[in-house]
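Whenever a hint applies, use it, and build me the whole structure from the sequences.
2 protein chains.
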Amino acid sequence: MKICVLPGDGIGPEIMAQALRVLDALRTDGLPFETETAHLGGCAVDATGVPLPDETLKLAKAADAVLLGAVGGPQWDALPREKRPERGLLGIRKELNLFANLRPAILYPELANASSLKPELVAGLDIMIVRELTGDIYFGQPRGIEVRNGERVGYNTMIYSESEIRRIGKVAYEIARKRGGKLCSVDKMNVLECTQLWRDVMIEMAPDYPDVTLSHMLVDNAAMQLVKNPKQFDVVVTGNIFGDILSDEAAMLTGSIGMLPSASLDENNKGMYEPCHGSAPDIAGKGLANPLATILSVAMMLRYTFSQEAAAQRIETAVKSVLAQGYRTGDIFEPGTRKVGTIEMGDAVIAAL
Amino acid sequence: MKICVLPGDGIGPEIMAQALRVLDALRTDGLPFETETAHLGGCAVDATGVPLPDETLKLAKAADAVLLGAVGGPQWDALPREKRPERGLLGIRKELNLFANLRPAILYPELANASSLKPELVAGLDIMIVRELTGDIYFGQPRGIEVRNGERVGYNTMIYSESEIRRIGKVAYEIARKRGGKLCSVDKMNVLECTQLWRDVMIEMAPDYPDVTLSHMLVDNAAMQLVKNPKQFDVVVTGNIFGDILSDEAAMLTGSIGMLPSASLDENNKGMYEPCHGSAPDIAGKGLANPLATILSVAMMLRYTFSQEAAAQRIETAVKSVLAQGYRTGDIFEPGTRKVGTIEMGDAVIAAL
Ligand SMILES: [Mg+2]
Ligand SMILES: [Mg+2]
Numbered sequence: 001m002k003i004c005v006l007p008g009d010g011i012g013p014e015i016m017a018q019a020l021r022v023l024d025a026l027r028t029d030g031l032p033f034e035t036e037t038a039h040l041g042g043c044a045v046d047a048t049g050v051p052l053p054d055e056t057l058k059l060a061k062a063a064d065a066v067l068l069g070a071v072g073g074p075q076w077d078a079l080p081r082e083k084r085p086e087r088g089l090l091g092i093r094k095e096l097n098l099f100a101n102l103r104p105a106i107l108y109p110e111l112a113n114a115s116s117l118k119p120e121l122v123a124g125l126d127i128m129i130v131r132e133l134t135g136d137i138y139f140g141q142p143r144g145i146e147v148r149n150g151e152r153v154g155y156n157t158m159i160y161s162e163s164e165i166r167r168i169g170k171v172a173y174e175i176a177r178k179r180g181g182k183l184c185s186v187d188k189m190n191v192l193e194c195t196q197l198w199r200d201v202m203i204e205m206a207p208d209y210p211d212v213t214l215s216h217m218l219v220d221n222a223a224m225q226l227v228k229n230p231k232q233f234d235v236v237v238t239g240n241i242f243g244d245i246l247s248d249e250a251a252m253l254t255g256s257i258g259m260l261p262s263a264s265l266d267e268n269n270k271g272m273y274e275p276c277h278g279s280a281p282d283i284a285g286k287g288l289a290n291p292l293a294t295i296l297s298v299a300m301m302l303r304y305t306f307s308q309e310a311a312a313q314r315i316e317t318a319v320k321s322v323l324a325q326g327y328r329t330g331d332i333f334e335p336g337t338r339k340v341g342t343i344e345m346g347d348a349v350i351a352a353l
Numbered sequence: 001m002k003i004c005v006l007p008g009d010g011i012g013p014e015i016m017a018q019a020l021r022v023l024d025a026l027r028t029d030g031l032p033f034e035t036e037t038a039h040l041g042g043c044a045v046d047a048t049g050v051p052l053p054d055e056t057l058k059l060a061k062a063a064d065a066v067l068l069g070a071v072g073g074p075q076w077d078a079l080p081r082e083k084r085p086e087r088g089l090l091g092i093r094k095e096l097n098l099f100a101n102l103r104p105a106i107l108y109p110e111l112a113n114a115s116s117l118k119p120e121l122v123a124g125l126d127i128m129i130v131r132e133l134t135g136d137i138y139f140g141q142p143r144g145i146e147v148r149n150g151e152r153v154g155y156n157t158m159i160y161s162e163s164e165i166r167r168i169g170k171v172a173y174e175i176a177r178k179r180g181g182k183l184c185s186v187d188k189m190n191v192l193e194c195t196q197l198w199r200d201v202m203i204e205m206a207p208d209y210p211d212v213t214l215s216h217m218l219v220d221n222a223a224m225q226l227v228k229n230p231k232q233f234d235v236v237v238t239g240n241i242f243g244d245i246l247s248d249e250a251a252m253l254t255g256s257i258g259m260l261p262s263a264s265l266d267e268n269n270k271g272m273y274e275p276c277h278g279s280a281p282d283i284a285g286k287g288l289a290n291p292l293a294t295i296l297s298v299a300m301m302l303r304y305t306f307s308q309e310a311a312a313q314r315i316e317t318a319v320k321s322v323l324a325q326g327y328r329t330g331d332i333f334e335p336g337t338r339k340v341g342t343i344e345m346g347d348a349v350i351a352a353l
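Order-wise, the sequence lines are chains E and S. Be aware that the first sequence starts at 1, since it is given in the UniProt record's numbering, and climbs by one per residue. Be aware that the second sequence starts at 1, since it is given in the UniProt record's numbering, and climbs by one per residue.
None of these hints come from the bench; they were simulated from the model. Be a bit skeptical, because a hint or two may be false.
One copy or any two copies: either way a pair holds, since identical chains are not told apart in the list.
[Stated by the list, open to error] Derived PhoX-like pairs (lysine-lysine); straight-line CA-CA distance at most 20 Å:
{"hint": "1", "residue 1": "Lys-182", "residue 2": "Lys-61"}
{"hint": "2", "residue 1": "Lys-2", "residue 2": "Lys-61"}
{"hint": "3", "residue 1": "Lys-231", "residue 2": "Lys-286"}
{"hint": "4", "residue 1": "Lys-118", "residue 2": "Lys-2"}
{"hint": "5", "residue 1": "Lys-228", "residue 2": "Lys-118"}
{"hint": "6", "residue 1": "Lys-231", "residue 2": "Lys-182"}
Laid out in structure tokens, this is it:
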């Protein structure tokens with residue numbers, strides 16, 4: 001079990017330190033992890049001149065999983081586009097062929113007040129959005145801006161092949177099978193042929209998963225239903241652009257992005273795991289950052305890459321217990337709870353493991 | 001002031017009857033409206049065999065504005081695609097070249113409980129979403145599903161020309177100028193060249209509107225910000241597909257779609273006005289439907305096509321007053337308010353005019 005650890009920039013190193021302590025605790029209990037650490041993002045630019053050094057890519061390719069903190073910060077914003085920290089992130093996703101993005105939107109009942117929705121509508125929310133990450137209009141050709149008939153015209157191509165849809169469909173069906181058995185595929189088939197094919201393929205796959213109930217929703221309706229009644233969803237599968245929009249909308253329903261992990265998988269369940277939040281340069285180095293999303297990313301890694309469901313649940317249960325005990329970092333603090341820093345939060349999770 | 005009235009199907013005729021009573025009251029006060037009524041949708045199929053009869057199109061083209069109830073119903077669902085009621089709607093929009101879709105998301109403080117968001121975050125919400133309606137990926141060529149390298153591939157083309165962006169930009173800037181002076185343009189310029197051009201053109205237009213503050217937001221962030229803090233928005237302008245998703249999300253924030261009007265305008269402010277809700281076949285003919293969205297559509301017509309701002313505000317003030325008095329149709333009823341039917345609600349608005 002080889003893990004490539006990329007702490008990154010800003011609060012990345014601090015939150016990663018706590019995630020690694022959790023991993024250490026599990027290693028002591030018999031899980032034979034090996035870790036190697038490398039640079040990605042702004043720290044890689046500072047050290048080597050590029051955001052994704054060859055050395056880092058080599059380590060990532062050799063590992064079974066990649067655990068990432070966060071990248072970016074204002075000191076690198078003035079760099080040319082190809083040297084920006086975010087390029088390192090896009091580059092590693094592409095090089096590792098991570099086509100399946102898993103974006104859970106979970107709201108622990110203890111944090112229900114953080115949501116802008118009424119608590120009864122979101123407390124206990126547990127949605128998994130499966131977003132295709134390497135195709136669709138974000139990568140389609142032809143694309144560009146050019147002059148036609150004397151004026152500028154901008155264009156992009158939305159495109160999916162049957163095999164691309166089938167491989168993300170397989171990931172989504174298998175996750176639905178392990179969860180509540182409900183899969184909602186989101187498209188715009190009444191207008192877009194590309195998504196008509198998406199729906200057709202999802203329907204063709206259904207007989208292989210008799211234990212999963214497939215439903216369909218148009219993307220504009222899905223954006224509405226997430227606001228109206230988010231708990232109606234179990235697993236949602238959709239293309240890259242719709243998934244970009246809906247996974248962010250769903251994350252914001254929880255009101256606590258500092259709690260949300262994510263995974264990006266390839267065809268063999270090799271994956272990169274990272275918190276949904278950014279590098280928060282404003283609080284970096286102060287010991288204030290919330291390490292729970294990174295710790296929960298470790299749980300996702302155990303579940304999806306290493307098939308260690310028991311260990312994954314052990315971490316998730318420890319996080320729930322820590323919240324129930326009232327521990328809160330500043331981003332999720334409410335009066336009546338106990339405000340702690342990054343390290344104390346890590347201590348509390350390890351104690352609860 | 002010629003108005004083509006299309007009551008349509010389901011609850012359409014009932015809610016239209018109340019809207020026409022409001023129009024009559026204004027006519028008595030000196031506004032010289034002429035109305036002619038025609039068939040669109042399922043009723044047109046029943047009467048003539050097609051959802052958009054030539055006679056209807058001729059009347060609509062000759063009129064200054066079109067006022068529509070709602071179309072569709074289960075009895076026409078089995079018809080071939082080109083005979084469905086919705087085709088009549090798409091056809092008339094296209095024939096009249098209605099490229100600017102105005103979708104207000106307004107939440108009257110009296111109805112704040114209807115929202116799934118916490119009341120303090122949405123009470124008094126007043127957003128205007130300006131959606132481009134005749135271009136973008138919904139109409140772009142090439143498009144289709146075909147076999148390439150032995151497998152099916154589905155594709156669509158997102159495309160905007162400078163002149164298309166400029167004409168919807170003009171509508172949005174002018175509305176922002178008449179409202180709070182804030183315009184937020186939504187795109188995905190960091191990934192899509194088509195929307196990079198969108199942003200460029202919006203920026204190029206800004207010097208002509210020194211009284212409007214232009215800002216930009218990526219579409220995934222906009223989907224989040226609508227949930228997190230919807231009152232930050234005044235006027236939002238975006239393309240067809242992003243506008244489809246965001247205008248529905250924003251409408252659902254209010255929790256009371258039975259209250260929301262909409263407009264679709266051409267280059268000369270000729271427009272079609274209609275409620276956002278559908279034809280509600282389940283309650284059709286029972287006198288239960290909420291006529292307020294259609295009555296508010298009349299107010300939009302007065303404002304945007306006929307430049308009768310005072311008359312528009314008179315209707316809107318009457319609707320507010322009726323809500324303050326506690327009148328509610330079933331869709332917006334809460335304990336402690338007064339439940340009324342379609343006609344009584346019309347009576348109350350006319351009394352309050
Ligand atoms: Mg996003
Ligand atoms: Mg829509």
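A quick look at each hint next to the structure:
no.	hint	result
1	Lys-182 with Lys-61	neither (33 Å within a copy, 48 Å between copies)
2	Lys-2 with Lys-61	within (10 Å within a copy, 69 Å between copies)
3	Lys-231 with Lys-286	neither (36 Å within a copy, 32 Å between copies)
4	Lys-118 with Lys-2	neither (43 Å within a copy, 46 Å between copies)
5	Lys-228 with Lys-118	both (10 Å within a copy, 12 Å between copies)
6	Lys-231 with Lys-182	within (12 Å within a copy, 34 Å between copies)
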